[in-house]
Amino acid sequence: MIQATKTLYQYRELLYTLAWKDVTVRYKQAYLGMAWAILQPLALMLIFTVVRSFVGIETPDGVPYPILTFAALMPWTFFQQSVTNGVSSVVSNTALVRKIYFPREIFPITAVIVKLIDLGFSFIILAGLMVFYRMMPTLHILWVIPILVYAVLMALSVSMLGSAINVYYRDVAAALPLALQLAMYVSPIIYPLSLVHRKLIEQQALGEWSNAVYQLYLLNPLVGLIDGFQRAVLYGKPPEFSTLWPGILTVVVLLTIGYRVFKRAENFFADAI
Amino acid sequence: MPIIEVNHLTKRYQLGRQLTIKRTLVDMTDRLRGRDVPKPKLFEALHDVNFTINEGEVVGIIGHNGAGKSTLLKMLSRISTPTEGTVRIHGTVAPLIEVGAGLVGDMTGRENIFLNGAIMGVPKAVIKEKFDDIVAFAELEKFVDTPIKRYSSGMQIRLAFAVATSVDPDILIVDEVLAVGDLAFQRKCFDRMERLIKDQGKTVLLVSHNIRQVERLCTRVILMDHGQIVADGDPTEVCNLFYSQNNEKIKAGKTAFSKNQRIHHTGGGEVVRVALQNSSGESVESVEVFKSVRIQVEFDLHEHLDHMVVAASIHTTDFFYLAVFRQDPQVCPPGRYLYEVEIPEMLLLPGVYCISAGLWQGDAHAVIFHGETLLTFTVDPNPERPIYSAFDGIFAMPAERRLSGQAQPANVEAGWGENV
Chain A
1069 MIQATKTLYQ YRELLYTLAW KDVTVRYKQA YLGMAWAILQ PLALMLIFTV
1119 VRSFVGIETP DGVPYPILTF AALMPWTFFQ QSVTNGVSSV VSNTALVRKI
1169 YFPREIFPIT AVIVKLIDLG FSFIILAGLM VFYRMMPTLH ILWVIPILVY
1219 AVLMALSVSM LGSAINVYYR DVAAALPLAL QLAMYVSPII YPLSLVHRKL
1269 IEQQALGEWS NAVYQLYLLN PLVGLIDGFQ RAVLYGKPPE FSTLWPGILT
1319 VVVLLTIGYR VFKRAENFFA DAI
Chain B
2 MPIIEVNHLT KRYQLGRQLT IKRTLVDMTD RLRGRDVPKP KLFEALHDVN
52 FTINEGEVVG IIGHNGAGKS TLLKMLSRIS TPTEGTVRIH GTVAPLIEVG
102 AGLVGDMTGR ENIFLNGAIM GVPKAVIKEK FDDIVAFAEL EKFVDTPIKR
152 YSSGMQIRLA FAVATSVDPD ILIVDEVLAV GDLAFQRKCF DRMERLIKDQ
202 GKTVLLVSHN IRQVERLCTR VILMDHGQIV ADGDPTEVCN LFYSQNNEKI
252 KAGKTAFSKN QRIHHTGGGE VVRVALQNSS GESVESVEVF KSVRIQVEFD
302 LHEHLDHMVV AASIHTTDFF YLAVFRQDPQ VCPPGRYLYE VEIPEMLLLP
352 GVYCISAGLW QGDAHAVIFH GETLLTFTVD PNPERPIYSA FDGIFAMPAE
402 RRLSGQAQPA NVEAGWGENV
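Respectively, the protein sequence lines represent chains A and B.
For the first sequence, this note's numbering begins at 1069 and goes up steadily by one.
For the second sequence, this note's numbering begins at 2 and goes up steadily by one.
Just so you know, not all the hints are guaranteed correct.
[Claimed, not checked] Calculated cross-link-like contacts (lysine-lysine; reagent style DSBU-like; alpha-carbon spacing at most 30 Å):
no., chain 1, residue 1, chain 2, residue 2
1, A, Lys1096, B, Lys129
2, B, Lys189, A, Lys1331
3, B, Lys143, B, Lys125
4, B, Lys40, A, Lys1331
5, B, Lys23, A, Lys1331
6, B, Lys131, A, Lys1096
7, B, Lys189, B, Lys199
[Claimed, not checked] Taking beta-carbon pairs under 8 Å as the criterion, some of the chain A residues facing chain B (in silico):
no., residue
8, Arg1080
9, Lys1089
10, Val1091
11, Thr1092
12, Glu1126
13, Thr1127
14, Arg1166
15, Lys1167
16, Ile1168
17, Tyr1169
18, Tyr1237
19, Asp1239
20, Asn1335
21, Phe1336
22, Ala1338
23, Asp1339
Rather than coming from a laboratory, the hints here were simulated on the basis of the structure.
Don't be surprised by glycine CBs; every beta carbon is placed ideally from N, CA and C.
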């Protein structure tokens, strides 16, 4: 890992240039330009708000549902898009892989980092919503910074593993949309975490299994990420460690495996791609 | 001190089977059930290659297609990893393996220069400093702010080459990049390469099919064949070895009269026999330099031709015509004819050559028959009048030579003596 950080520093200029290339190319011929970056969470927010009016999802603590779900959609959209981008990053750079050497992790890292820019744009919408609902951010909003670092590492762990395997089995990229769709439903996006907490812990809805299932649910790192983000931005509270740690464990394990697999597979990318 | 060390380098590729999840799963279950899983066929692109390269050497790598040159370069530039053996490199490497990798069509020339520079590992500051140079070299001043998808392919390659050669590494690896653009630009590229090599004392590895270029630029040449090093040493010697191998190969494939010939005829007549005879009238397939030789072309005419031209010519194996022996127009009734060309002295230098023959009719030279490579023959060195080799040019031009000053004839060494 230390070695990885070192090479990253060494190749920072390339990283920056490739990211800049991705962004320029994407928006060069798109009339709406950067607006596309915020359209997805915005549209989903509207859809969820409408759906909620039919099915009735409880939001216990007085934060309006649209902004609550938007604050969940922001880290989610970042994760979903950066992973999609990251998993196909090596294969979509076939020409470079076959012709020029530089550490291959540059590809997934660039793919993930680029999506931070989109995330940055949706902060503008978030700010607008907060003004609309008359919510004041507190100093705890600074928690957003470590939370975003966590989000990047999370996306990177999946991207490293996925992009390496995708070189050998293109099935990975094909299966990814479905997997992400499922991930969205097992993450507190449409519904808040407090709802899950109430059902499983307070009402013990699954009987003796309830606590175990809740811990299992927390192993999904997106749970801690989204909850932490919402707490820092909307509730003015620090993230809750008890919610975070199972997910952090998952990320650490995934990142270690992902990095190892990537580094091993890397040597044969040019032959297999 | 060696800057590149290659030890027992072997590279194998899997042949045939594409890796898929289905395939892997099937193989896995088969293995679990104790059944035999067909081993993938392996192709050895490189076999036990060893060499070291010292700082400042300019090494050319030549060989036929599939000899393993590009695979070797991929190993040296870390794009691919050896199956066995090691590659040690002490210094930074800039691989110019196919210029133009990583050009992006949607971006402008200016943006692509920075992007390509970053990919090649050139710091942005350096690119900025050299920017005007790069643009001027690529002759793209007017187009720097146009997306390069609107460029012609030549313009794109010029841009890429200009960026690539602004890299400043310890070791430069160059694969076939000089064969880009039109002739004028190729010339320019060649000059720039030569300057990089000669003035800056860089260690350079050059792979090319342009053997003349390799011979001229390199201080050492490695000849590869079937993944192994066949020869390694003095550029002229190794290149000559490669040439003679090539010619052997061509000759071997040419013994049959019908193979590889390019024949074009319209039915009015045809060449039935082409032969080469020595001074005593025997048919031969080789002739010594400066010996007399006769070309015979026997042909049938099926129609009466009132303006028939017959010709025999000598060309190289790659159809570079060296001499044409044409007869003045004749009036010819149908029948069999023999056309003979007497050559008192074979002035071509040792090598492999071919004879072609043709029949034409009328002022407009309408083709009746034209066949190339109808006969392949060699010119051998003449022991009485030793000449350097085929590689001193193409032919021995008769000349009077004088050296003024205080020269004394030196002791004649073997193979470097009296000529022509």
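A quick look at each hint next to the structure:
1. A/Lys1096 to B/Lys129: With Cα atoms ~23 Å apart, A/Lys1096 and B/Lys129 stay inside 30 Å; holds.
2. B/Lys189 to A/Lys1331: violated, 41 Å
3. B/Lys143 to B/Lys125: holds, 22 Å
4. B/Lys40 to A/Lys1331: Roughly 26 Å between the alpha carbons, so the hint for B/Lys40 and A/Lys1331 holds.
5. B/Lys23 to A/Lys1331: holds, 25 Å
6. B/Lys131 to A/Lys1096: holds, 26 Å
7. B/Lys189 to B/Lys199: Between B/Lys189 and B/Lys199 the Cα gap is close to 15 Å, so the pair holds against 30 Å.
8. Arg1080: violated, 10 Å
9. Lys1089: holds, 5 Å
10. Val1091: Violated - the Cβ of A/Val1091 stays beyond 8 Å from chain B, reaching only about 11 Å at its closest.
11. Thr1092: holds, 6 Å
12. Glu1126: Violated: closest Cβ of chain B sits about 42 Å from A/Glu1126, beyond 8 Å.
13. Thr1127: For A/Thr1127, the interface hint is violated, since the closest Cβ of chain B sits about 42 Å away, which is over 8 Å.
14. Arg1166: holds, 7 Å
15. Lys1167: Result: holds, 4 Å to nearest chain B Cβ.
16. Ile1168: holds, 6 Å
17. Tyr1169: holds, 4 Å
18. Tyr1237: holds, 5 Å
19. Asp1239: holds, 5 Å
20. Asn1335: holds, 4 Å
21. Phe1336: Holds. Min distance 7 Å.
22. Ala1338: Since chain B brings a Cβ to about 5 Å from A/Ala1338, closer than 8 Å, the hint holds.
23. Asp1339: holds, 6 Å
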